[in-house]
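S.K.: These are the residues of each chain, in order.
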Amino acid sequence: MKFPDFIVTRLDWLANEARANSLWPMPFATACCGIELMATAASRYDIGRFGAEAMRFSPRQCDLMLVAGRVVMKMVPVLQRIWLQMPEPKWCISMGACASSGGVFDTYAVVQGIDRFLPVDVYIPGCPPRPEQLLRSVIDLQEKVKATGTVNAREVAARAAYEGPTSLANQLAPDETMVVPGDYRSATRLRD
Amino acid sequence: MPLAPAVPFSVDEEAPEKEFLYTLNFGPQHPATHTTLRLVLTLDGETIVKAVPDIGYLHSGFEKLGEDLDYNQYVTIVDRMNYISPICNEISWHHAVEKLMGIELTPRCKYIRTIIAELARISDHLLCVGAAALDLGGITAFLYAFNMREKIYDIFETMAGQRFHPSYTRVGGLMVDVTPEWVEMTRRFIRDDFPKAHADIVRLLNRNKIFIDRTRGIGVLTKEEAINRSAAGPVARASGVTRDLRKDEPYLAYPDLDFDVVCSRSGDCLARYLVRMEEMRESARIIAQAVENIPAGPVNVDVEDKLTIPDKAATYRSIEGLIQHFELFMWNRRWKPPVDEVYGATEAPNGELGFYIVSDGEGRPWRARTRPPSFIHFALFPLLMEGHVISDVPAVLGSLNIIAAELDR
Amino acid sequence: MPDVQQLMTDRFGDAFRPSVFRDNVRYAVLADRLIEVMTFLRTEGRFDFLVDIAGIDYLHYPDATDRYGVVYCLANSETAERVYVKVLLNDPEPRVKSVYPIWKGADWMEREIYDMYGVVFEGHPDLRRILMPEGFALYPLRKDYPLRGRGERHNFPPVTRAES
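Same order as they appear, the protein sequences are chains S, V and C.
If you're matching positions, the first sequence starts at 49 in our numbering and goes up one per residue.
If you're matching positions, the second sequence starts at 8 in our numbering and goes up one per residue.
If you're matching positions, the third sequence starts at 1098 in our numbering and goes up one per residue.
Calculated directly from the structure, the hints in this document are not laboratory data.
Any given hint could turn out to be false.
[What the hints assert, rightly or not] Pairs of lysine-lysine residues, derived as DSSO-like cross-links and limited to a Cα-Cα distance of at most 30 Å, are as follows:
1. V:Lys216 x V:Lys230
2. V:Lys230 x C:Lys1201
3. C:Lys1194 x V:Lys57
[As the list claims (entries may be wrong)] Here are some, though not all, of the chain C residues that point toward chain S, as calculated from beta-carbon distances under 10 Å:
4. Lys1240
5. Leu1244
6. Arg1245
Idealized CB from N, CA, C, for every residue including glycine.
Pulled out of the complex, with its shape left as it was, chain S reads as follows:
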C-alpha cells in the first residue's frame, strides 16, 4: 500500500522534531574548546535544556559530532574513522577557530579546518567560543534539522558531492610538497 504524500510530510515533521530535540553529541574534544564544552554541560549553562546533554563517547550511539579543538595531522584518520562509525542521519559542529580554520595554529602539524576532510554543518567562531555560542549553534542546528530532515534521510543521500574546500596539497607547487599519503582505511588498523 502506498501512503499519500501528506502523510509522509507529517512523518517527516515528526521525525525532525524527535531528532532535533534529542541530539546526542559525540564530544570529540581535543583541546581548550573541550573545557568550554564541559562548562556548557555543567550547571551554569546546562546544555540539557536543549536536549543535547546525553554525551555518548561511543560514536555508534550518537548523531551529532562536536569537534572541539584543533585537529592535527596524526588525528585526522581517527576523526574520519569516528565520523564513519556514526549512524545516519548525523551532523557535525565545528567548535572554535582551530577546528574551523586552524586558528592561530598555522603550523606544519595542524590541519587548516576540518571541513577539508569532513562535512560540517555549523561553524562556531571564537577561541574558545563562549558557552552561549555553543548553545546558539545547537539551536541553529535544530533549525537546520527541522528544515531539511526527512524520515528516511534521503536528503543526506542526495548530497553525494564533496562540499568542503579542496585539499591544499593540490594547490602547492610540486617541489614544496612532501607526500606522506595517509588513509583512514588503514591508518588505525593493524599493520601487516
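Given chain S, work out where chains V and C should sit, using these hints.
M.R.: What follows is chains V and C alone, placed relative to chain S:
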C-alpha cells in the same frame, strides 16, 4: 608509507609462551583519556602487564610557532598550552622573558600576578579533582567544581575581557591595571564562595567509600622514583618530595606571603587528590593575604626602559609613548635582548613549568623550549600502571592531571 | 656552587667551560665526556633531579660554531640549586650518549629531541618518534624546515556525505 600509529599493535615479542596475553587499544577517543591520549595495554585477564603510551595526537607545533612570534605575541600561544590554568603559563613565559631581559617588575604587578596565578591554581585543581571524580562515577563533585570555576572565569573576564584565555601579562607588566571592582570580586570569592564549595567537595569525596576504594593504594609512586623520573608539583609532593619553586626559588610576591607547602608520604592517587585539595586552601590563604596588600603604583615598568608597551593614553598623547609603541611594533625594531640563553621556571599547578629561551638579539626568540610538566608526568604512567586493573586507568590518569595540549604542544 | 665548579675544573680540566648569565650557572662540556661529567654531578654534586633536556638548532645563529646544542637542566631536589650542562653536536650524524642510565626521567625527553632534531642518543632503550607520526621523514624543529610544513597536513582524502 601510511601514517601508521607509532605503537604497533603486536607489542608482545614472546607471543608463543604468553598466548593468554592480549592487547587492548585504549584511546585516542575515550572518555577517560580526557582528550587525546592513547594507551596500548597488554593485558592478562584484566590485569595490566604493560602499558605503552602513544602521544602526539595533539602536537601542534607550539615551539616552532614560538620561533616565529615575538615575546608578547607568543603569550597567546602559551595560553593554549595548559588550557585549564592559562594564566600560569603566561606568568611562566614572561618570567623567563623578563629574566632574559633583566627586568625587575613593579611591586603592584608582582602582587596582581601572584593573585591571578593562585586563582588559576585553584581553578586547575578544581577541574582536576572534579574530572577525577567524574571519571570514577561521581558527577556531583564535578558540577560543584565547575560552578566555582565559572566564578573564577568571571573574575578573569572582569580583569582582561576574555574568560578563558586572558593573555593578560606583557613583557614588564600587564595588559591593563585591575579595577577596585575586581579586587572586591576576588575578595568576595575567597571569603564567601570558595570555602563553601571546598567544604562541599570535601564532604562529597573525602569519606566517600567508593572514591577511597578506587584511589587508595592505586598507582603508588615512591619518593626515589619521583626524583629519578623528574616528577614535580603535586605529583611529586604527594610522594614526599618537598620541592616547591614558590619556596625554593621565590619569585613574584611569594617571599612576602605566608603559606605552607603541602606534602604527603603515601604517593598514591588518594594522596595526590588530598594534596591538591589542601593546596587549594593554601592558595586561598595566599590570595587572602595578597588581595589586602596590593601596593599602589604603576603595573608596568617605567616607559624609560623601552621594554613595555605604553598604554593607549601614553601612545596617543605623548611623543615618547608614540615612539616607543612604534619601536616595539615595527618588524625591524622590537626588543634588543642580550644574545644569550636563559632558563626560567615557575611553579605551575601541575609542577615546574619552565621555558628555555635562546635569544639571538632580535625581537623573536631563537628557541622557546618548554619544560612541560604533563609530558614528564605522563612518562610515569607505565610505571604507575603495572599490576593494576583496567578500571584503575581512569583513576591514575585523573590524578596525574594530564593536559594533552601541554603534553604534545 | 663554587666548590662543585672547583672540583669539576680539577677533574675535567679543559673539557669543560663554565659561564654565568643571570642566575644560571652553565657548563659547556665536550660531547664524548658527557656521561663522565653527568655521573660526577649526580654523585658528587648531588644534582639528583633532571629538570629538562632542551634541544637547539644553531643553523645561521650569530657566531655559532656548531649546529646543534643539547642542554641538560639539573637541580638538587633538597637545596634547589641548579646547573645547566650543554653539549654541542654537528651534522651529519649528531650523536650523544644517553643519560637514561643515570636519570630515568630522560626517557621521553630524549625521544622528543630525537623526534624534533634527529639527535641520536646512544644507549637509549627505546628511541622512536614520540610526537610526530611514525611515517614522518623530517625533523620539524630544525631551522631548515618551514613553519607551515611541506604539505603534509593536507595529505588526507576527504570524506563525503555519500561515503558515510
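S.K.: Hint by hint, note whether the structure agrees.
M.R.: Against the structure, the hints:
The suggested pairing of Lys216 of chain V with Lys230 of chain V holds, with an alpha-carbon distance near 27 Å, which does not exceed 30 Å. Taken as a hint, the Lys230 of chain V and Lys1201 of chain C pair is honoured in the structure, with Cα atoms around 14 Å apart against an allowance of 30 Å. Using a Cα cut-off of 30 Å, the hinted pair Lys1194 of chain C and Lys57 of chain V holds, with the two alpha carbons roughly 27 Å apart. Hint on Lys1240 of chain C is violated. Least Cβ distance to chain S is approximately 13 Å, over the 10 Å limit.
For Leu1244 of chain C, the interface hint holds, since its Cβ comes within 10 Å of a Cβ in chain S; the closest pair sits about 6 Å apart. With a least beta-carbon distance of about 6 Å to chain S, the hint placing Arg1245 of chain C at the interface is held under the 10 Å criterion.
Checked against the numbered hints listed earlier, the structure breaks hint 4 alone; every other hint is satisfied.
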